[in-house]
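Peer 1: Residue numbers for the sequence shown follow our numbering, beginning at 2 and rising by one.
Among the clues, some could well be false.
Derived pair list, reagent style DSS-like, types lysine-lysine, alpha-carbon separation capped at 25 angstroms [said to hold, decoys possible]: (1) K123 x K76; (2) K13 x K26; (3) K39 x K26; (4) K39 x K13.
Keep in mind that the hints were calculated from the coordinates and are not lab data.
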Amino acid sequence: MDMDANDIVGHKTLRDGSHEPLTRKEADQIRLAVNANKQRIAELMPDEQAALHMFTDAFHRLMDFGWSEAMYCPKDGSMFHVIEAGSSGIHDCCYDGTWPNGYYEIHTDDDICYSRPVLYRKIASAEQSQ
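Produce the complete structure using the sequences and hints provided.
Peer 2: This is the structure we're talking about:
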């Protein structure tokens with residue numbers, strides 16, 4: 002079976018929830034970019050200790066931008082921004098319930114999901130720093 006760069010090998014989900022075909026060429030480009038990024042990260046942080054230092058540095062640098070530990074977030078149902086470990090996004094969130102037995106809820110366009118954020122920041126603070 003011949004493989005063509007334009008063969009459809011999957012589908013891309015777009016922000017609006019729609020889908021478009023994913024070609025073999027696009028999939029190969031994504032795979033190359035992922036592998037190059039993994040290599041770059043491995044060179045930047047060759048061992049666990051180096052990764053911990055970078056994680057700590059990033060944590061403290063984000064504090065310089067007005068972020069605080071998530072446990073100090075408002076507990077009055079108001080919205081604030083959060084960062085989760087392993088995510089590069091900043092998410093709208095609120096805390097629901099009574100501390101410490103409540104839970105964090107991330108709000109997206111049409112969904113709510115539970116969260117375990119590391120850092121939070123008041124939304125007004127975020128808008129002022131941009």
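Peer 1: Between K13 and K26, is the straight-line Cα distance small enough, at 25 angstroms or below?
Peer 2: holds, 13 angstroms
Peer 1: Verify the proposed pairing of K39 with K26, using a straight-line Cα cut of 25 angstroms.
Peer 2: holds, 20 angstroms
Peer 1: Has the given pair, K123 with K76, been kept, meaning a C-alpha gap of at most 25 angstroms?
Peer 2: holds, 12 angstroms
Peer 1: Is K39 close enough to K13, meaning Cα to Cα at most 25 angstroms?
Peer 2: holds, 22 angstroms
In this structure, every one of the numbered hints holds.
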